[in-house]
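A.B. asks: Listed here are the chains, written in short residue letters.
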Amino acid sequence: MTVWPLRFREVMDGALIFADEAGGFFKSTESFLTRYALDALTTADQRFLYDGGHAYQREGDLAYLGFAYRWSARQAVRRRLSYVILVPTLRCNLKCGYCQVSRAPEGAKGFDWTEATLSATLGFLDGLETDEIKIEFQGGEPLLRLDLLERLRDFCRTRFKKAEFVVCTNLQNVDSAAWAFLGAADTFVSTSLDGDSATHRRQRTKSTELTDQFFSNFDEALKRFGPGKISALPTIDVDQPPDPAALIANFESRGIRSIYLRPLNHQGFARRGRDPDATLDRWNAWHSAFIERLIDRNFQTGTILEEYYFSQCLKRVLRAGADDHTDLRNPSFFASDYIVVDHDGMLYPTDEARMQSRIGRIDLSIGHVQSGIDHGKVATLNAASLNNFDPDCIHCPYQPFCGSDIIDDISRYGSIDVPKHATWFCRRHTSLFDKVFELLYRTDAATRFSLSRWAGMEDWPESIGREHA
Amino acid sequence: MRLHTDVPSSLTDFIDAALVRLRLQFGNVEFHRTTAAISADADDPLEVEKLRAAVLHALYREKIYAETLPLRHALLERVLR
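Heads up: the protein sequence lines correspond to chains A and B, in order. In case it helps, the working numbering puts the first sequence at residues 568 to 1036. In case it helps, the working numbering puts the second sequence at residues 25 to 105.
Mixed in with the good hints, there may be bad ones.
[Unchecked claim] Here are the simulated lysine-lysine pairs, DSSO-like style, with alpha carbons at most 27 Å apart: (1) B:K87 <-> A:K729; (2) A:K773 <-> A:K1002; (3) A:K773 <-> A:K662; (4) A:K773 <-> A:K594; (5) B:K87 <-> A:K676; (6) B:K74 <-> A:K1002; (7) A:K701 <-> A:K944; (8) A:K882 <-> A:K790; (9) A:K594 <-> A:K944.
[As the list claims (entries may be wrong)] Simulated restraints on C-beta separations: (10) A:G869 <-> B:D37: 39 to 49 Å; (11) A:H1035 <-> B:A98: 51 to 61 Å; (12) B:E54 <-> A:R928: 32 to 42 Å; (13) B:Q49 <-> A:A845: 13 to 23 Å; (14) A:G1032 <-> B:A41: 38 to 48 Å; (15) A:H1035 <-> B:D37: 57 to 67 Å; (16) B:V72 <-> A:Y636: 38 to 48 Å; (17) B:A98 <-> A:A752: 46 to 56 Å; (18) B:T36 <-> A:G1032: 55 to 65 Å; (19) A:D930 <-> B:Q49: 31 to 41 Å; (20) B:V72 <-> A:A845: 28 to 38 Å.
No lab work stands behind these hints: they were computed from the structure. Cβ coordinates follow ideal geometry from the N, Cα and C atoms, glycine included.
So here's chain A without its partners, still in its complex pose:
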């Protein structure tokens, strides 16, 4: 019998989590590790490994092919370009101190699409091979150029069999024309709600009047469209985090059941004067405590709230193919299924790449809407966009569930050569997956109630968390 390579990591109470490269995992002990590493597996060890799909008898037998299938299913598939983030204007009517999108003042000139850029963008979209398109209008504040949004949407509705639109707006000023635009069945709203109103005011609106105006528009949007059409994302500054209870209440009271906690991104203006990793340990602890709070709250109320990103990590541990979140998948090929068109027509692989280029740190542009995608540059980026062969990741049991983010590495360290275990991305996701496995092996009813629902199951099967002495 041959055992597929197992990676291991010490977790709670000295126990070890083992995982193979196809994502099969179990919990075991130091003595098993010693037997495995020193080629002294017992018959019981071998039986356990074979039953769990971690071993095979002959190359090409059913166990071998099953593993090969599961391994393949763990690799994100390159898809057709069908998700385009458009930045028709960089101008914004707020001045958030840490703005992640490198906005320009509302009255500034030269930060909107020209007629030539609009025309080239329409041509670029027209040239896509897909029949379905998702357009995300970013900014700046995209509602400042509702005329451009309308022309884009009209074009896409005609050109594609299915088209969906997301307007990422601060909902600060919404006139009757904007309400009408947002009210279409194929159009969705994404906004920011930084927890409680005091935090939202401090981080974004700066005044009580503007804060009230935002909440008034936010509630009006919920009243008009319902929570299913609106997502609200809090950006958390862990140096001054919102009160978790108030944050939860603010979402729950509005019928929003999924909360995506985003740490302050080390991009754009948020870079100023900050050590890129100073807050990481506090973020991990704050996030972990938030998950525990959700577990308690869910069990007490019998209803479910989730933290979106944690649920995504959980799903990636439990099954292959949970690759729809572009920030966490492997390989993470650039310009594969989504791309960004900036206010000047430049193409970027991600919004974060756009921000770094905008502040002059590095040119991560990958072409222009008029000339098309620079495939040579995309290939250069893609060469480093998978974790399978990284000298740190090859020893990590979380590799099949994790991803990579070289754009974030460049932003924080100016290089992609930093040992992965020393990066924000790795340390954050190691903490997240440690938490996932901590919860996976808990047996209390409260944890299992939340975990099963977050994973999309009614009940929690005992067979999920295998253990071996």
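Model the placement of chain B on the given structure of chain A, informed by the hints.
C.D. replies: Then chain B, alone, in the frame of chain A:
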């Protein structure tokens, strides 16, 4: 306090690779090798025990990686056909 770990003969081929990783993980610790042992100095007993586990785990990881590399190659060849 001094850590001294005798390395079993089945792991001695992986000492150098393990030391590269250990020196990266514990930048403030000075590791030394003899033919079949790794030693290091640490300030407190807890640190010594942590290092002892880290040394063994690093050796195990390098052995597992080196010895299973042909399996990885064979798997990639099969799924990429």
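A.B. asks: Now tell me, hint by hint, if it's right for this structure.
C.D. replies: Outcome of the hint check:
no.	hint	result
1	B:K87 <-> A:K729	violated, 52 Å
2	A:K773 <-> A:K1002	violated, 35 Å
3	A:K773 <-> A:K662	holds, 9 Å
4	A:K773 <-> A:K594	violated, 49 Å
5	B:K87 <-> A:K676	violated, 61 Å
6	B:K74 <-> A:K1002	holds, 21 Å
7	A:K701 <-> A:K944	holds, 24 Å
8	A:K882 <-> A:K790	violated, 32 Å
9	A:K594 <-> A:K944	violated, 42 Å
10	A:G869 <-> B:D37: 39 to 49 Å	violated, 57 Å
11	A:H1035 <-> B:A98: 51 to 61 Å	violated, 26 Å
12	B:E54 <-> A:R928: 32 to 42 Å	holds, 36 Å
13	B:Q49 <-> A:A845: 13 to 23 Å	holds, 21 Å
14	A:G1032 <-> B:A41: 38 to 48 Å	violated, 32 Å
15	A:H1035 <-> B:D37: 57 to 67 Å	violated, 28 Å
16	B:V72 <-> A:Y636: 38 to 48 Å	holds, 45 Å
17	B:A98 <-> A:A752: 46 to 56 Å	holds, 51 Å
18	B:T36 <-> A:G1032: 55 to 65 Å	violated, 36 Å
19	A:D930 <-> B:Q49: 31 to 41 Å	holds, 34 Å
20	B:V72 <-> A:A845: 28 to 38 Å	holds, 30 Å
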